[in-house]
Every structure is written in C-alpha cells, then in structure tokens.
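**Q** Here the working numbering is used: the first residue of the sequence shown is 1, the next is one more, and so on.
Calculated from the structure, these hints are not laboratory results. The C-beta atom is built at its ideal place from N, Cα and C for all residues, glycine as well. Check the hints yourself; a few may be wrong.
Claimed, not checked - Calculated cross-link-like contacts (lysine to any residue; reagent style SDA-like; alpha-carbon spacing at most 25 Å):
no. : residue 1 : residue 2
1   : 115       : 153
2   : 89        : 119
3   : 89        : 142
4   : 58        : 75
5   : 58        : 44
6   : 115       : 59
7   : 115       : 133
8   : 115       : 127
9   : 100       : 79
10  : 100       : 88
11  : 53        : 74
12  : 53        : 136
13  : 53        : 146
14  : 53        : 67
15  : 53        : 78
16  : 89        : 131
17  : 89        : 33
18  : 89        : 77
19  : 53        : 64
20  : 100       : 70
21  : 115       : 98
22  : 100       : 69
23  : 115       : 142
24  : 89        : 58
25  : 14        : 37
26  : 53        : 40
27  : 53        : 131
28  : 100       : 115
29  : 53        : 142
30  : 58        : 40
31  : 53        : 126
32  : 89        : 100
33  : 89        : 37
34  : 100       : 126
To be verified - If you anchor each label on the Cβ, the simulated ranges turn out as follows:
no. : residue 1 : residue 2 : range
35  : 36        : 140       : 31 to 37 Å
36  : 119       : 96        : 40 to 46 Å
37  : 57        : 78        : 18 to 24 Å
38  : 157       : 54        : 31 to 37 Å
39  : 157       : 63        : 28 to 34 Å
40  : 100       : 158       : 26 to 32 Å
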Amino acid sequence: VLFMCIELVFSCNKHASRVLRKLRNSQLYWNLYIRFLLETYLELQIASLIRLKGYNFKPGIEFGLTVFAISTQLLLIAFMIISVPFLRKHFSDFNEQPFKDRYGALAQGLTHQNKSAMLYPFAFMLRRFLASILFVFLPRRNYFQIQIFAFICTLNMEF
1 VLFMCIELVF SCNKHASRVL RKLRNSQLYW NLYIRFLLET YLELQIASLI
51 RLKGYNFKPG IEFGLTVFAI STQLLLIAFM IISVPFLRKH FSDFNEQPFK
101 DRYGALAQGL THQNKSAMLY PFAFMLRRFL ASILFVFLPR RNYFQIQIFA
151 FICTLNMEF
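Sequences are here, hints too, so could you generate the full structure?
**A** Next comes the structure, spelled out in structure tokens:
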C-alpha cells in the first residue's frame, strides 16, 4: 500500500514514475507481504470476523471500521483462493532463484516434485479460516469445537 502511495505521489514526474514501475516489475520482492499474510492469517480473520459479527453502518468511525473489516476479509479470502492457481502456473519455476527471491515464502517447504503439494498453502489458510469461524460464531459450543478441530487435524495429517 505504501509503495502504491509513493507511485501515486510521483505519477506526475514521468522519469520517477518509470523508475518506480521498473522497480515494481523487476525487483520488488513479495516475500515479506506473503509471509505477513500467512503468519497473521488467523489473527486477521478473527479480528475482522468479530467486527463483522457486530457490524454497524452508522455514520462516522463505525462505518469506516466495518468497511475495513469487510475489505480485510475479502483480501484474505482472495489470497487463499489465488494461491493455488498462482502456484500451479509457476510450478516449473520453483527451483529458479528469481522465483524464490520474489515469491519463495508461498512455496517454502513444498516438495517440488509433487503437484498436489501446491494445495498445502490453501489447506493451511482454509484451516485457519474455519478455526476463526468456530472461535467467533460458536464460542459456547466447546464440544463441537473440539470435534471439528480433531477432524481438521486428522485431515491435515492425512494430507
């Protein structure tokens, strides 16, 4: 977001705009952002779902917070869905150093011989998404939560 704001500020200068575009296309590494989304996926999901559970579109700060929660939720769901086609498209690039430098956090720890391993980041984020739904919308159903988590862990071990 900060990089996009810098591009917007310098958009009136053609040379600066060209340099920033070149930087974005060739040298900007997404590992930091990908790692941030993967590591904070559960916390961001829970926070945005709590806000959505008590949504409020009253004028003022309440409206802004609800819109921010909706946009965060959409970003997290889009990241989860887009990760699979992205990994399928770049499966042959896994072992190349430029791919590792730019997007390696998404494919870190995956076996590069097995295409089904590309589903692991999706499964990882889906587990966290389901856990956040259980935490936020079923807080008093402890037995149900335990059973669902046991089932999810069993599926994870099988995967």
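**Q** Each of the hints needs a verdict: does it hold here or not?
**A** We went through each hint and held it up to the structure:
For the proposed pair residue 115 and residue 153, the alpha carbon gap of about 22 Å is at most 25 Å, so the pair holds. For a cut-off of 25 Å, the pair hint linking residue 89 to residue 119 stands: about 13 Å separates their Cα positions. Between residue 89 and residue 142 the CA atoms are separated by roughly 41 Å; this puts the pair beyond 25 Å, and the hint is violated. Note on residue 58 and residue 75: the hinted pairing holds, with a Cα-Cα distance of about 23 Å set against a maximum of 25 Å.
Between the alpha carbons of residue 58 and residue 44 the distance comes to roughly 23 Å, so the proposed pair stays at or under 25 Å and holds. The suggested pairing of residue 115 with residue 59 is violated, with an alpha-carbon distance near 49 Å, which exceeds 25 Å. Under the criterion of a C-alpha separation no larger than 25 Å, the hint pairing residue 115 with residue 133 is inconsistent with the structure, at around 29 Å. Using a Cα cut-off of 25 Å, the hinted pair residue 115 and residue 127 holds, with the two alpha carbons roughly 20 Å apart.
With a CA separation close to 18 Å, the supplied pair residue 100 and residue 79 stays within the 25 Å bound. Under the criterion of a C-alpha separation no larger than 25 Å, the hint pairing residue 100 with residue 88 is consistent with the structure, at around 15 Å. Proximity of residue 53 to residue 74 is assessed by CA-CA distance (about 15 Å); at most 25 Å being required, the pair is judged to hold. This hinted pair checks out: residue 53 and residue 136 have alpha carbons roughly 8 Å apart, not beyond 25 Å.
Taking the CA atoms of residue 53 and residue 146, the gap is near 22 Å; set against the 25 Å cutoff, the hint holds. Taking the CA atoms of residue 53 and residue 67, the gap is near 13 Å; set against the 25 Å cutoff, the hint holds. The straight-line distance between the Cα atoms of residue 53 and residue 78 is roughly 20 Å, inside the 25 Å bound, and the hint therefore holds. Restraint check: the Cα-Cα separation between residue 89 and residue 131 comes to about 29 Å, which exceeds 25 Å; the hinted pair is violated.
At roughly 20 Å between alpha-carbon atoms, residue 89 and residue 33 fall within 25 Å of each other, so this suggested pair holds. At roughly 19 Å between alpha-carbon atoms, residue 89 and residue 77 fall within 25 Å of each other, so this suggested pair holds. Distance check on the hinted pair: residue 53 and residue 64 sit about 15 Å apart at the alpha-carbon level, within 25 Å; holds. In summary, the hint linking residue 100 to residue 70 is not supported, as the alpha carbons are separated by about 31 Å, beyond the 25 Å threshold.
At most 25 Å may separate the alpha-carbon atoms for a hinted pair to count; residue 115 and residue 98 meet this at roughly 20 Å. The suggested pairing of residue 100 with residue 69 is violated, with an alpha-carbon distance near 31 Å, which exceeds 25 Å. Simply put, residue 115 and residue 142 have alpha-carbon atoms about 37 Å apart, too far for the 25 Å limit, and the pair is violated. Pair hint residue 89 plus residue 58 does not hold up; C-alpha atoms about 43 Å apart against a cutoff of 25 Å.
Distance check on the hinted pair: residue 14 and residue 37 sit about 33 Å apart at the alpha-carbon level, beyond 25 Å; violated. About 20 Å separates the Cα atoms of residue 53 and residue 40, which keeps this hinted pair within 25 Å; it holds. Our distance criterion of 25 Å between C-alpha atoms is met by residue 53 and residue 131, whose separation comes to about 15 Å. About 17 Å separates the Cα atoms of residue 100 and residue 115, which keeps this hinted pair within 25 Å; it holds.
Only pairs whose Cα atoms come within 25 Å are accepted, and residue 53 paired with residue 142 is accepted, the gap being roughly 19 Å. A C-alpha spacing of about 29 Å is found between residue 58 and residue 40, which places the hinted pair above 25 Å, so the restraint is violated. A hinted pair counts as satisfied when its Cα atoms are at most 25 Å apart, and residue 53 with residue 126 qualifies at roughly 19 Å. A threshold of 25 Å between alpha carbons decides the hint, and for residue 89 with residue 100 the separation of about 14 Å falls inside it, so the pair holds.
Annotation: proposed proximity of residue 89 to residue 37 holds, straight-line Cα distance about 21 Å (limit 25 Å). Proposed proximity of residue 100 and residue 126 is supported: the alpha carbons are some 24 Å apart, at most 25 Å. The beta-carbon spacing between residue 36 and residue 140, approximately 32 Å, falls within the hinted interval of 31 to 37 Å. Hint check: residue 119 to residue 96, Cβ distance near 21 Å, so the stated range 40 to 46 Å is violated.
Taken as a hint, the range 18 to 24 Å holds for the pair residue 57 and residue 78, whose Cβ atoms sit roughly 23 Å apart. Here the CB-CB span from residue 157 to residue 54 is close to 36 Å, well matched to the stated 31 to 37 Å. Checking the proposed 28 to 34 Å range against residue 157 and residue 63 shows it is violated: the Cβ atoms sit about 44 Å from each other. The supplied range of 26 to 32 Å is met by residue 100 and residue 158, whose beta-carbon atoms lie about 29 Å from each other.
Consistency note: the structure conflicts with the earlier hints numbered 3, 6, 7, 16, 20, 22, 23, 24, 25, 30, 36 and 39.
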